[in-house]
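Since the structure of chain A is provided, determine the placement of chain B on it from the hints.
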Amino acid sequence: MPLRIGVLALQGAFREHIQRLEALGAAAVEVRRADQLGKLDGLIIPGGESTTMGLVAERWGLVNPLRQWVSQGRPVWGTCAGLILLADRATSQKRDGQTLLGGLDVSVNRNFFGSQRDSFEADLQVAGWNSPSPAVFIRAPAVVETGPGVEILAEWSAPDGRTVQVAVRQDHILGTAFHPELSGDLRWHRLFLDMVEAGAAAQANRSGP
Amino acid sequence: MEKNGYINSSNGARTGTYTVKAGLAQMLKGGVIMDVVTPEQARIAEEAGACAVMALERVPADIRKEGGVSRMSDPQVIRAIKEAVTIPVMAKARIGHFVEAQILEALGIDYIDESEVLTPADENNHIDKHNFTVPFVCGCRNLGEALRRIAEGAAMIRTKGEAGTGNVVEAVRHARSVLGEVRRISTMSADERYAYARDIQAPVELVNETATLGRLPVVNFAAGGVATPADAALMMQLGLDGVFVGSGIFKSGAPAKRAHAIVQAVTHFNDAEVLAEVSEDLGEPMVGINLDTLSEPEKMAHRGW
Chain A
-6 MPLRIGVLAL QGAFREHIQR LEALGAAAVE VRRADQLGKL DGLIIPGGES TTMGLVAERW
54 GLVNPLRQWV SQGRPVWGTC AGLILLADRA TSQKRDGQTL LGGLDVSVNR NFFGSQRDSF
114 EADLQVAGWN SPSPAVFIRA PAVVETGPGV EILAEWSAPD GRTVQVAVRQ DHILGTAFHP
174 ELSGDLRWHR LFLDMVEAGA AAQANRSGP
Chain B
1113 MEKNGYINSS NGARTGTYTV KAGLAQMLKG GVIMDVVTPE QARIAEEAGA CAVMALERVP
1173 ADIRKEGGVS RMSDPQVIRA IKEAVTIPVM AKARIGHFVE AQILEALGID YIDESEVLTP
1233 ADENNHIDKH NFTVPFVCGC RNLGEALRRI AEGAAMIRTK GEAGTGNVVE AVRHARSVLG
1293 EVRRISTMSA DERYAYARDI QAPVELVNET ATLGRLPVVN FAAGGVATPA DAALMMQLGL
1353 DGVFVGSGIF KSGAPAKRAH AIVQAVTHFN DAEVLAEVSE DLGEPMVGIN LDTLSEPEKM
1413 AHRGW
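Protein chains in written order, with the numbering used here: chain A, -6 to 202; chain B, 1113 to 1417.
If you're looking for bench data, these hints aren't it; they were derived computationally from the structure. None of these values were measured; they are calculated from a predicted model. Please note that a few of the clues may not be correct.
To be verified - In silico contact screen, one side only, chain B against chain A (beta carbon under 7 Å); selected entries:
hint: 1; residue: N1123
hint: 2; residue: G1124
hint: 3; residue: T1127
hint: 4; residue: T1131
hint: 5; residue: Q1138
hint: 6; residue: G1143
hint: 7; residue: R1183
hint: 8; residue: E1195
hint: 9; residue: L1219
hint: 10; residue: L1325
hint: 11; residue: Q1349
hint: 12; residue: T1379
hint: 13; residue: N1382
Glycine included, every Cβ here is placed at the ideal spot set by N, Cα and C.
Excised from the complex, chain A in its bound form:
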């Protein structure tokens, strides 16, 4: 049985994630309602506008089911807007604040890299990888502070000289500030599927005889 991965399809670049997952042999499902979360092995929250996704999720009662997903230790990966939604803390939010799911012990600066003029592509050094990963940053956020349980997979030095984190992992949660679904570096989707597989194996061991 292929792994079943849900991609939150409220708004944004969900189709590209689905194509990448299918290229790796996983079964990908668009998720718009809470009842679609049940039978999934993993979940991707794609890039898009985090405020839009948060507001639509709220309207259809998805916020609590998604928070439960994260708190139950089920595998989840947020790219760009998805990373913002998974963060425990976010700065530079819209005026009345915005809905976050939380779970990832980091502070995210929402539009760290500025407006579209400052969007960029770069070759990213990733811990433990033998070649750099081509990465696309679109009005991207950055992780500016990480809690003790957070593993840093990739960093970036911003034009202002600050070093920020752009790929992080904490147990079952993966967060990337850039868009592997656009660059086509399938190693990120492979990494997430490995996390999902490990999670499924652990689950089977716990519930086994």
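Just chain B now, kept in the frame of chain A:
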């Protein structure tokens, strides 16, 4: 398609590449981009879940009513709207007016709409959009027009529709035309595509790329006359990636509610029960104009070529 782009010598980042320009449009998919004329309207749009706003001095319905030459908005208006929200802010430049585009780029606008809603500044040439770091969206009525704009560097396409009318018929016509032609070229042989590219006056490379992909090489939104949640879902079901709503929201009776409803309709465009629920009790829609009461010179969709 990789053209231009600038390399930052300190960290090797490449800005302004075509991937980055087309990438923002990818992130807007499944979303609603709303015309706003004040920071307050921009906040209402953001709170309703708009994925971006279009900063304007006048919405198309008023441009239509008041007449005269319509130009790029006052930078002060654009700056104030940009200050008010965290979502991307777009603004319109006149067709062919590359200096207005330079000014909008300097203001740090996230996307420029080279728009037929404003009075064209050049009757032969559109802006060479490859020259800019900021990405452009352009309107089209058919596949030839869409591919010409992409050849000039547009990183996103929208239907022209007929702005400021609250009448979706022209947007449907343009969407059907583009999407139908895409389906048609997907079944053509390579030699037929040469003749077809010549007929629609588009580069054969882009015709071939479109045929192979089975869709336009860039994101394709609906625009020009969308006024209700049902209109928005109609455009999504026809196969477009998202929706621009111009006069339809802030010229209606209950803008916040209607804005919210159209956002929900674009996410759940295939779910008629959700569409029924969000279409309820939205107050008066904008009045709307029947296209057969507009004379040919009054139609904006003919601007641009």
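Status of the hints after comparison with the structure:
1. N1123: Since the shortest Cβ distance to chain A is 5 Å, the answer is holds.
2. G1124: Interface hint status for G1124/B: holds (6 Å vs cutoff 7 Å).
3. T1127: holds (5 Å)
4. T1131: With Cβ-Cβ at 6 Å, under 7 Å, it holds.
5. Q1138: At about 5 Å, which falls below the 7 Å cut-off, the nearest Cβ of chain A leaves the hint on Q1138/B intact, so it holds.
6. G1143: holds (5 Å)
7. R1183: violated (22 Å)
8. E1195: violated (10 Å)
9. L1219: violated (9 Å)
10. L1325: Because about 12 Å separates L1325/B from the closest Cβ in chain A, which is outside the 7 Å limit, the hint is violated.
11. Q1349: At 15 Å from the nearest chain A Cβ, Q1349/B fails the 7 Å test, so the hint is violated.
12. T1379: holds (5 Å)
13. N1382: violated (9 Å)
Consistency note: the structure conflicts with the earlier hints numbered 7, 8, 9, 10, 11 and 13.
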